[in-house]
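Asks: Once you've looked at the hints, dock chain V against the given chain D.
Just so you know, the protein sequences line up as chains D and V, in that order.
If you count the first sequence from 1, position 164 lands on 164 in the numbering used here, and the numbers rise without skipping.
If you count the second sequence from 1, position 417 lands on 417 in the numbering used here, and the numbers rise without skipping.
These are computed hints drawn from the structure, not numbers from a lab.
Treat each hint with caution, since some may be false.
Said to hold, decoys possible - Going by beta-carbon spacing under 7 Å, a handful of chain V positions derived as facing chain D:
(1) 107
(2) 251
(3) 255
(4) 265
(5) 314
(6) 372
(7) 380
Glycine included, C-beta positions come from ideal geometry on N, C-alpha and C.
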Amino acid sequence: MFVVRNRRFFFILTGILLVASIVAILVIPPRLSIEFTGGSLLEVSYEGDRPEVGLIHDEVELLGLGELSVRESGEQNVTIRSRTLAPEERTELLSALSLGGTASVTELRFNSIGPSLGNELAIKALYAIMAVSLAIVLYIAWAFRGLSRPVPSWGYGLIAVLMLAIDIIVPTGFFAVYAFFTGAQIDSLFVIALLALLGYCVNDVIVIFDRIREHLKNNERDEIEEAFDVTIGKSIDETMGRSINTGLTVVLALLALAVIGSEATRNFALVMMVGVAAGTFSSITRSAPLLIPIAEHLEKKRALKEANEKE
Amino acid sequence: MRYIPAVLVLLISGFFGWYVVSPDHPIKLGLDLAGGTELIYRADTSLIEVDKPGALNSLREVIERRVNLFGVAEPLVQLEQSSAVAGAVEDRLLVELPGVTDVQAAVDAIGATPSLEFKLISAGAAVVDGNIEPSFTYLDTGLTGRYVKKADLQFGSAGGAGIANEPIVLLTFTDEGGALFEQITRDNVGESLAIFLDGEPISTPVIREAIAGGTATVSGGFTPEEARELVRNLNFGALPVPIELIGSGAVGPTLGAEAFEAGLIASGLGFLLVALFMIIWYRLPGLVASIALVIYVLVTVAIIKFIPITLTTSGIAGFILSIGMAVDANILIFERMKEELRRGERAHEAVRIGFARAWTAIRDGHFTMIISSVILFWIGTPLVQGFALVFGLGVITSLISAVFITRVLLLAIVPHEANRIWRFLLETGLYRHKGSELSTNKN
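Next up, chain V with everything else stripped away, as it sits in the complex:
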């Protein structure tokens, strides 16, 4: 009967192991390990009186769109506030670009004003896979958002231009832009003039006549919100909220990969050393603890993959420390077990009592760690948070692994009565222990 829990534990660990090695869900690596660029901006909200969160949100959206244009896999754009502990609260924008190492190119792309371009469409034909298909080429006209003096939001009225109540963006060009616009429309009556926003065509009206007067309307099937946002972006020139670069970092892919590899090898080697020590000193329980540690590592890595937690150098440090905690829990238990054995307890009972006696120390140790990591996660900087998250998670797993996995496995193996071989296997140290020295304690 006592084998059933042990077999179950091994089966479940097998499942975790399968999840860990399955390549479908690779561990998410932080910029310091995968390489990439991080930019921290301060958002100047001093001029915004109403709806600050709304303005910040539209800032994030605009930046996100530009970052997406940059063609980066899994970019991160998020708003942050500096903590109150460091004086005045600032609004910040954090941009993470994995794989990008050219800080300047990234800064340029993000700091750019929204691009509004007018392009002529020239229809033609192209041969694709042996079939003749119509194709379009866009011709630059030189007319861009730079020539827009201001933008206004209007709604189409029945009988007037556009569909009733359709939002329309009215652009007023500068003198230069107005002249250019008039010339383009005069030369290309009957053609389509595509309007591009941030590289995407948003509307392709047909030019009916030359348009003088320096204004143009854009009606691209906007929702009122989209139209309002476009008007705001164009009027603010750059962004709804001015931003200033206050911090940046870039890690080259080679350095990141080296750091990750070194961390991985170091963890593996460290683990082997610890297991070796445990087996030499604690013999059979040491071996069981080593197996429990392997399971512990599998479970923790599986959780990191599942949530997923982005792993950074500091996260690896937290992980290594949590392995230390897990080992310590086992050592506490084995020392207690040994004491019970030397006191003359029967083997199976000694295991049981050893666990029970070690529990309060393990509980208090682990709980202080959990509290500490919660605090660190709460007030820490991102690096400290990365440490605290993995460490806290590891400590919780360690608590479960020590009192559950090791216990179940040991109880399944250890017989009720220990013969000489079993006594040797359950003893500790490099030499053979003579009799029960501690039971006639001098204290």
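Chain D on its own, in the form it takes in the complex:
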């Protein structure tokens, strides 16, 4: 019952977390990777001593490929980002990177995305997230269709999606801060992390809602009058062990990926871990308690309506 009794505190905490995340996203927006904006990325590995980045930059500048960024990555690697390069320009860039043949470079990866293609990927990613959210509301509204009092089934769907919005905004806010310090960019794997989080969090919320559904049904069958917030408090207490343990196992599984994975998967795992932690916390402390104000509001309206009908 701790959560239900202190729900105001948790609502405020959520608000602060949300505002902080949104501020972070607006003030230090993470950059989109070339997959979404179009452009080229070339990562090479130097054998032996890696030349100074400044030196590489000066050499590459001579090609006149427009604005580009040269960054060190890992121990031996250098990543160059630029506008969309043609295959011949890539060959020129590679030979420039070898500093006129004095350094031995190996091409690790090259990506070149035209602007139209990049734009399409970004739009598709957005559509995917929205479509999945919509499907989730509809499914939950359907799965909980037997429930009408005190909150109708669409209320559960609505709250689930509200939770999902929070679960996406908070990790994105974290990523904005993380990217500010590491130069990470929003890439397809980040979008996949968000999609995976959507899945994880909705599952978390469903488990708690499932408990509420069961208690409501049992109460109705046994003709027990129980205040709605008591039912919710009970449901949260009973599912808390499961929520924490599941969150813990997923974090454990991701921990390995975060520690030994490549740079790309490390970002993925970090975003996921933050998201799972935030998601577990949010579904325990917020999803079900949010039903209470809705229930109160609906009860008030119902009472008002009944009073009106009497007159």
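Replies: Chain V in isolation, oriented as in the chain D frame:
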């Protein structure tokens, strides 16, 4: 009797395990893990008024032939359409070349015009394995498709050149080409002049006399379709549909292998951590769940190998998440089981009821996941699709594994009445639970 299903489950899992470790069917790895080049072209179909699908198909065929000449194992050439969500619909051609890391070489090979070459055959003899065998050497004449002004399709008529109704490709050379052709034929009367298309000899007519006038006919036993295609390819210069490179990517073999290895080790380590946690916290059921998870992984990997699904980095991410779902299903069940035990249910009954009670939550959770992955597969980009496919598959397997494998195994092991040792084994947490705390619930 209750052991029979459990033994069956273990036997079937053994079969899956054997399939997974058998080296005959290696897992297909995507370009990001195996290394390779991906090229995305936009096909400009604005000038094609009739039979657009046909033109695109012949484009794919031409490119496929050129890619095959490149000598790559298992190349992929496929037509795609950009999705309508991003404005005007474009036709695209996607080329995947595993193992190739030189983007420019690949682009050059694909963008090349069809190669038509005329080569003289000089007969000779060579010693092969101690036997003298006739051999041919092809001599370049310098006459190629570059000198072809236009190509026409004709059919041989009775009494005229060629077999009746045989399709013939009539080549009209440029002035320069015509002169070259005349010179070659005059100098080599009686020899064979082989005609090569894309590196393959398609016909080797014997030169009977010097041919002036700047035209030549090629009759290589074509079907009418093949002849028509050749004429079209030659006339279009390059391709039936102009293409433009809009995206390309290459992953070096070392980076790919590193990513795969890291993913593999991370998955293995993650799995060990999860199993350790499950066994410490959930004791005997945790151990059973860990075994069920091993079976779960085997079944999923076997399906990935069998279909086969091409595994990419995003696919591995989907797989890890689906393992999370599978673990969660088990945790849900064990928590329920524990509640039933504490409420005073007998051990075997507690297992049974625990599964039944946890089912609705597992069902709803898994179904939302399945719906989500279907949507993602439907509208996603290839990377998202890779994730959605493996994840969706994993979730379906998880649903079966949690409610079937774990259940059958647990029901086989757990006795009807639990003594003190069994109670300890079925309890959870790091400490010994005192009595039935929850049965006198304060709520």
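Asks: Please verify that hint: residue 107/V, Cβ, nearest Cβ of chain D, below 7 Å or not.
Replies: holds, 5 Å
Asks: Tell me if residue 372/V is really an interface residue toward chain D, meaning its C-beta lies closer than 7 Å to one of theirs.
Replies: Holds, because the Cβ-Cβ distance from residue 372/V to chain D comes to roughly 5 Å (cut-off 7 Å).
Asks: Taking 7 Å as the limit, does the beta-carbon of residue 380/V come near enough to a beta-carbon in chain D?
Replies: Where the cut-off is 7 Å and the nearest Cβ of chain D is about 5 Å from residue 380/V, the hint holds.
Asks: Under the criterion of a CB-CB separation shorter than 7 Å, is residue 251/V in contact with chain D as hinted?
Replies: holds, 5 Å
Asks: Grab the minimum C-beta distance from residue 265/V to chain D and call the hint holds if it beats 7 Å, violated otherwise.
Replies: holds, 6 Å
Asks: Min Cβ distance, residue 255/V to chain D: is it shorter than 7 Å?
Replies: holds, 4 Å
Asks: Does the interface hint hold: is residue 314/V within less than 7 Å of chain D, judged Cβ to Cβ?
Replies: holds, 5 Å
Hint check: no violations occur; every hint is consistent with the structure.
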